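Chemist: Chain residues, written in single-letter form:
Number of protein chains: 4
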Amino acid sequence: MVPRYSRPEMAAIWSPEARYKIWFEIEALAAEAMGDLGTIPAEAAALIRAKGGPRAAAISDADLARIDEIERETRHDVIAFLTWLGEGIGPEARFMHQGLTSSDVLDTCLSVQLARAADLLLADLDALLAALKRRAIEHKLTPTIGRSHGIHAEPTTFGLKLAGHYAEFSRNRARLAVAREEIATCAISGAVGTFAAVDPKVEEFVAQKLGLAVEPVSTQVIPRDRHAAFFATLAVIASGIERLATEVRHLQRSEVREAEEYFHPGQKGSSAMPHKRNPVLSENLTGLARLVRGYALPALENVALWHERDISHSSVERVIGPDATIALDFALFRLTGMIDKLTVYPERMNANLESLGGVAHSQKVLLALTQAGLSREGAYRAVQRAAMATWTALGSDDARTFRDNLLLDAEVSEKFDAATIDQIIDPQRDFRHVDTIFQRVFG
Amino acid sequence: MVPRYSRPEMAAIWSPEARYKIWFEIEALAAEAMGDLGTIPAEAAALIRAKGGPRAAAISDADLARIDEIERETRHDVIAFLTWLGEGIGPEARFMHQGLTSSDVLDTCLSVQLARAADLLLADLDALLAALKRRAIEHKLTPTIGRSHGIHAEPTTFGLKLAGHYAEFSRNRARLAVAREEIATCAISGAVGTFAAVDPKVEEFVAQKLGLAVEPVSTQVIPRDRHAAFFATLAVIASGIERLATEVRHLQRSEVREAEEYFHPGQKGSSAMPHKRNPVLSENLTGLARLVRGYALPALENVALWHERDISHSSVERVIGPDATIALDFALFRLTGMIDKLTVYPERMNANLESLGGVAHSQKVLLALTQAGLSREGAYRAVQRAAMATWTALGSDDARTFRDNLLLDAEVSEKFDAATIDQIIDPQRDFRHVDTIFQRVFG
Amino acid sequence: MVPRYSRPEMAAIWSPEARYKIWFEIEALAAEAMGDLGTIPAEAAALIRAKGGPRAAAISDADLARIDEIERETRHDVIAFLTWLGEGIGPEARFMHQGLTSSDVLDTCLSVQLARAADLLLADLDALLAALKRRAIEHKLTPTIGRSHGIHAEPTTFGLKLAGHYAEFSRNRARLAVAREEIATCAISGAVGTFAAVDPKVEEFVAQKLGLAVEPVSTQVIPRDRHAAFFATLAVIASGIERLATEVRHLQRSEVREAEEYFHPGQKGSSAMPHKRNPVLSENLTGLARLVRGYALPALENVALWHERDISHSSVERVIGPDATIALDFALFRLTGMIDKLTVYPERMNANLESLGGVAHSQKVLLALTQAGLSREGAYRAVQRAAMATWTALGSDDARTFRDNLLLDAEVSEKFDAATIDQIIDPQRDFRHVDTIFQRVFG
Amino acid sequence: MVPRYSRPEMAAIWSPEARYKIWFEIEALAAEAMGDLGTIPAEAAALIRAKGGPRAAAISDADLARIDEIERETRHDVIAFLTWLGEGIGPEARFMHQGLTSSDVLDTCLSVQLARAADLLLADLDALLAALKRRAIEHKLTPTIGRSHGIHAEPTTFGLKLAGHYAEFSRNRARLAVAREEIATCAISGAVGTFAAVDPKVEEFVAQKLGLAVEPVSTQVIPRDRHAAFFATLAVIASGIERLATEVRHLQRSEVREAEEYFHPGQKGSSAMPHKRNPVLSENLTGLARLVRGYALPALENVALWHERDISHSSVERVIGPDATIALDFALFRLTGMIDKLTVYPERMNANLESLGGVAHSQKVLLALTQAGLSREGAYRAVQRAAMATWTALGSDDARTFRDNLLLDAEVSEKFDAATIDQIIDPQRDFRHVDTIFQRVFG
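Chains as they are written, first to last, in our numbering: chain A, 1 to 443; chain B, 1 to 443; chain C, 1 to 443; chain D, 1 to 443.
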């Protein structure tokens with residue numbers, strides 16, 4: 001991922017140094033288990049740990065270059081690493097990797113990396129949830145117009161909007177927790193997964209030490225449906241980011257101006273137009289969401305490997321492993337900051353709410369008319385008549401509120417007087433159940 | 001979905017008749033709840049049930065045409081249905097749909113349909129799992145060559161292959177069960193989800209009667225992350241189908257011929273080549289998997305609806321709702337039949353296993369040599385030497401087995417005599433842990 | 001595709017009857033070519049045409065059932081058709097399909113169908129282009145605010161907006177014309193494309209009669225990169241539909257109301273809210289665009305068939321062939337009607353244009369200040385100062401226009417008096433080059 | 001893109017230095033055009049070129065850091081660059097960027113970068129085409145079995161296989177050439193594309209100097225359907241790479257062994273199994289193809305920007321611009337080397353061709369029987385009988401060739417004697433038209 005969209009902690013998970021440290025740990029733990037089982041000399045295992053540990057911990061640029069050099073010769077990354085590691089261990093190095101296949105190391109390492117990445121993403125989600133909750137409670141009763149189809153519908157509150165996103169990200173958190181468990185498995189099962197040359201107890205030991213589950217049955221590799229489900233989950237989360245970003249982009253539109261991303265002192269909105277304050281963060285998040293969605297596809301295509309494995313998944317994962325997790329980490333962090341500092345304009349929300357002459361209350365009148373004996377169709381026609389009259393004249397000299405148009409309507413005024421209508425369209429009635437919903441969402 | 005890939009039970013879920021029955025049920029239940037709450041007359045609710053129930057249950061082609069006719073006038077499907085339904089109920093029909101918005105009906109209906117579809121798919125998966133388990137146990141110890149990169153690796157058993165797919169489909173079953181729960185929610189919350197004109201108790205009542213959970217916070221709609229997660233799960237399952245189908249396609253290759261799809265008496269493989277027996281079922285499954293994967297994308301794009309909802313998701317779901325579930329149901333059923341009847345050729349498996357002169361045993365010799373004191377690199381070179389000599393001469397007059405080439409190698413023969421080598425490469429050693437793996441998978 | 005999104009002419013291309021007629025035509029033409037070449041008796045070719053032609057032309061439901069019955073036995077669709085056709089021809093039927101393979105018939109038929117579908121889509125695009133051109137010219141100088149990031153930028157005209165979409169759909173038309181040529185090839189080359197049993201002259205003859213090009217080298221099939229490019233082109237076109245639909249959805253927002261989809265007398269916007277007029281057509285188009293995009297993916301995965309072909313592409317194409325072309329045809333037709341009847345509100349455009357106190361003219365002042373000697377940074381700061389003052393006070397009691405705030409600014413007023421500023425921000429200057437652009441687009 | 005899959009020449013196109021040099025060139029050319037038109041002093045334009053040119057040409061890490069620093073303050077990348085550039089030019093810097101908007105610079109720069117990237121990719125394709133042509137001609141008449149469904153069909157030649165891929169990559173080259181033209185446009189049209197503050201002649205001048213076409217109508221940006229078509233074309237090419245890679249993977253399978261990727265001295269196929277030689281290049285290419293396909297999706301979603309533009313496309317393009325072109329460049333280069341050095345085993349091809357007892361000749365017998373008077377169905381049954389008998393007994397003691405089984409068949413032997421059958425199944429007949437096909441493909 002380009003540096004612009006990378007945060008250091010997530011990027012570090014995917015560095016060569018981090019990878020090689022995990023590889024060493026897997027090899028050292030496997031040797032220790034084999035030492036315990038007597039498959040290899042226990043002293044050899046101890047020596048691998050004693051000499052290899054510091055070597056792996058202090059891996060330098062020169063070491064990385066040396067490993068690359070060996071790989072250019074052998075064209076095999078794990079052999080290159082083992083050769084380099086062995087150079088610092090001596091003859092006992094031959095007891096490393098006994099009965100293992102490269103994928104045992106590579107796939108278990110990827111599990112560790114994805115689990116760590118998921119942990120960062122879970123923490124990101126927790127921070128986002130906290131920000132959403134705080135702003136939701138702050139604006140629990142801030143009235144704003146609810147919109148369907150981009151058209152004014154009925155009043156809601158800004159807090160309810162945020163509560164909806166909070167609930168969605170809670171679900172996303174739960175999905176990611178499941179996906180993390182799914183991906184956190186360990187396979188040390190040998191060339192085709194039969195444990196022909198390595199005891200299953202080795203796998204159990206390594207898994208336990210690394211905090212992973214044992215892969216019940218591997219081929220040469222950990223099956224890729226786990227990874228597909230993981231990246232598909234990231235795509236669902238990214239789509240949730242896009243939904244919230246789209247909401248903010250809409251609210252910041254010039255004609256709406258109900259909320260605005262924080263505009264830094266010194267910030268310039270446009271090189272040409274000094275008046276501009278643009279929702280660039282949420283637009284950026286929209287694009288990042290598209291990227292993360294795009295990364296799910298090759299992960300899904302990776303599932304159908306040939307026989308006990310082919311290596312077509314590898315190039316995909318070398319790229320989307322870091323790219324998808326780094327982009328999502330960055331996006332969640334950016335979104336959290338954006339929500340945290342979002343400037344909200346309750347007075348603009350109110351102005352918009354009132355701007356269409358009160359037609360947003362049409363349903364309440366419709367229901368009251370049917371209760372008063374009109375057929376649904378008759379009531380609908382009467383209310384639509386008054387609403388359209390209000391709408392059409394908006395801004396003109398003979399503009400009239402929905403309420404007044406209702407009173408002018410023969411069919412309506414036969415049923416209701418002005419006081420009754422005012423009671424029917426009382427906006428407080430709209431928010432009676434906000435507490436119930438908040439209770440459901442925030443407990 | 002085209003009839004060729006549709007099974008009646010799944011297709012029936014998506015018929016107009018089924019949809020209208022569910023719509024009626026939602027309206028009737030909502031009316032009953034409102035009758036209990038006193039929002040509308042209890043008698044009206046009873047009448048809606050009494051007159052509307054039989055009308056919805058016996059919906060005819062003429063009724064469908066009448067609803068379409070009203071929709072052409074009103075350009076609104078739910079209003080069209082309600083108008084038609086009301087024609088059979090009379091004036092009390094005005095007490096239907098009080099405080100509801102169309103999406104309350106549409107989205108809750110979609111939840112019911114997707115939950116039913118998921119139940120069929122879960123049953124499909126159970127049948128597939130049973131078939132896989134039966135064949136896995138049957139071939140638990142049928143030796144076959146394991147392959148990585150399409151190249152012979154080490155021996156495994158055909159039962160182990162199937163056990164791996166069983167484990168994957170078990171995970172897929174668990175994923176689908178979660179996705180089904182996620183999608184099975186009910187929203188009866190009004191125009192923008194505030195319950196402004198309908199009591200939350202109505203939602204609770206309808207949800208409970210329909211076996212759904214209550215949607216904690218809806219906007220106008222049930223949030224689409226639920227549906228995105230659902231269709232993404234179908235895509236993961238489809239990819240698992242493709243993996244198993246790809247395995248069968250490989251096994252049936254002319255050069256491999258280790259297994260074959262059942263060939264019906266009377267079946268013709270080719271219009272031009274009478275000798276052909278093609279793996280057409282698994283090829284067909286590969287294509288269906290691509291389709292189901294493709295359907296996940298628009299579902300992911302549906303998440304970011306505008307504000308409290310826009311209706312862009314609707315056309316997508318009218319198509320992929322049926323298409324993805326029907327295609328997956330068909331694919332799972334076809335796959336189950338294919339596995340059930342798969343012709344397995346153990347003798348061909350054995351012939352292939354032996355065909356490369358025994359190089360598949362190279363790792364065991366490598367390990368024994370390192371245990372005997374050679375460095376890993378030295379042992380690797382010695383074994384590769386013998387393996388390459390075997391490989392290169394395959395089929396030629398001076399072909400020699402891997403075992404014999406090992407004995408000819410100075411470095412190897414210095415460590416091991418013929419008897420030791422035979423012990424090292426004894427194939428029985430490969431299957432020592434099959435029981436352990438089967439225990440893990442099948443319990 | 002569901003009937004709701006199908007138009008009869010496009011759907012007819014994909015009917016079984018249409019397919020069988022094309023199959024017959026291919027077989028009959030091939031037989032005629034072989035008759036000419038003397039490969040089969042010329043009389044047999046004549047008989048195939050004479051007896052088979054009417055049979056294929058008058059194919060009935062009973063015939064379709066009979067073909068299905070034979071297919072259930074043979075599990076091969078082309079053989080089933082040939083058997084049925086032969087039942088009406090007699091012994092000479094054995095001279096049909098000589099040296100052909102099923103794919104010769106299936107793939108050439110698909111080429112004919114896709115070419116016909118493309119012709120309908122090209123006509124759809126022509127109609128859309130005509131509508132866009134008419135409305136663009138009508139509103140060539142209708143001023144409206146241009147928006148970047150959803151924020152007011154500078155004035156443009158509504159005609160220019162439409163001209164941009166016209167230009168995009170012109171490109172889409174050109175792309176589709178190329179894709180149509182790419183897909184319109186004929187292969188009659190036998191089992192693996194070697195012409196082992198059929199003369200290349202047969203292919204040339206059939207191609208020429210059907211208006212197709214000869215496929216230079218086929219395997220058993222026409223290579224699927226052609227189809228992938230075709231469906232990818234449909235996805236690009238669909239994305240263009242989404243762009244225009246998104247524009248209309250924005251313009252119809254309650255706060256914007258610059259344009260509106262035609263609202264039919266009798267139409268109901270909402271079952272609950274009689275005041276609603278929603279941009280349902282453009283929302284629907286947004287969803288259809290997602291579907292068509294989704295169909296491109298399996299087409300891309302279809303390219304990598306195994307060896308001389310596998311049949312995994314077939315199930316994909318049976319579905320996306322009709323679904324993608326029918327959905328796009330429907331979408332283009334709907335979009336054309338929507339543009340044709342779009343209600344445009346120039347007075348609302350003007351009101352919005354003026355609503356931000358004239359900050360949209362900031363760049364012109366910026367440039368004038370730099371021309372007058374200020375540094376770019378200094379000029380930027382001065383103009384941003386006035387713009388932000390205008391923006392912040394919008395709607396408040398001490399609201400002031402951008403022009404007036406500029407005059408109050410010491411640094412600006414030192415350079416310019418009121419008359420100069422009025423000249424600088426004269427809106428007529430914005431439209432000086434509209435003619436140039438229209439000339440470029442419409443010629 | 002990760003370094004492992006990056007080649008320096010393509011990566012260089014996307015470096016910050018390269019980008020800033022293009023930005024400068026656009027600004028300098030625009031200033032020169034404005035100097036000629038008298039919009040700004042000609043001396044200022046000369047000074048911008050004289051002082052800015054060397055500054056941009058020698059951009060250092062310290063400069064990059066300085067630009068980043070300004071961007072952190074202004075949060076605007078183009079302003080940051082202009083400020084830094086201006087620091088080296090002096091007061092006349094204020095005449096840069098007059099009437100331009102950032103997108104004029106950014107989008108025109110992206111056009112230059114994508115056009116350069118396309119030029120490299122076209123050169124890659126030329127090299128690949130040359131390699132394919134050379135190997136195709138080399139193996140023009142190397143017999144090999146053609147396979148459909150993975151099952152032996154009829155003989156073809158290895159040269160014909162490669163000719164098919166050559167033809168596909170020729171089409172891909174043509175597609176890329178079109179996509180390159182489409183993307184190579186220049187927009188210098190100001191804030192909303194109206195040329196309100198910049199003369200269209202400036203755009204014409206800059207376009208001409210940069211070798212770009214003029215964008216007929218831009219909004220603020222160059223319309224993104226051009227980029228969508230570009231990245232979709234890369235996806236089609238990538239899928240063609242996958243098809244050829246899949247062919248090689250199949251040919252290298254242990255049971256097939258008809259061709260093999262070059263195995264370097266010193267290369268190690270497996271850390272565990274010294275006998276392994278794996279088709280790792282073509283597997284790698286398969287994964288890279290998935291990545292490039294995945295990048296097309298966000299490009300398609302980028303088309304529907306809001307109004308005159310939103311900036312959601314930007315983050316997408318910052319990533320997929322380099323990633324898709326770099327990955328494809330690497331893949332094409334790798335594929336070319338792989339084809340160039342591919343080890344082909346004609347003797348294995350022949351052995352496989354003969355391995356099924358000659359059933360691959362079944363169609364020729366079928367046709368001869370129908371010519372000899374049998375009905376198609378009767379002939380089919382007779383030939384299938386002999387083919388199945390051959391197939392079933394393969395490898396058993398009573399194995400018999402297809403030819404011999406035909407002679408044993410009463411119905412067949414009534415028509416043909418041994419000599420006739422030998423003539424019918426003469427393999428030379430299969431290759432009669434290879435010249436014709438080569439003529440079509442290579443001219």
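Treat the hints with care, since some could be wrong.
If several chains are the same, the list does not tell them apart, and a pair holds so long as it fits within one copy or across any two.
The list that follows gives simulated cross-link-like pairs (lysine-lysine, DSBU-like), each with its CA atoms no further than 35 Å apart [to be verified]:
no., residue 1, residue 2
1, K51, K140
2, K140, K21
3, K51, K341
4, K201, K140
5, K51, K415
6, K415, K341
7, K133, K51
Since the hints were made in silico from the structure, they are not lab data. This one's a predicted model, so the numbers in the text were calculated from it and none came from an experiment.
Chemist: What hint numbers does the structure not satisfy?
Modeler: 1, 2, 3, 6 and 7
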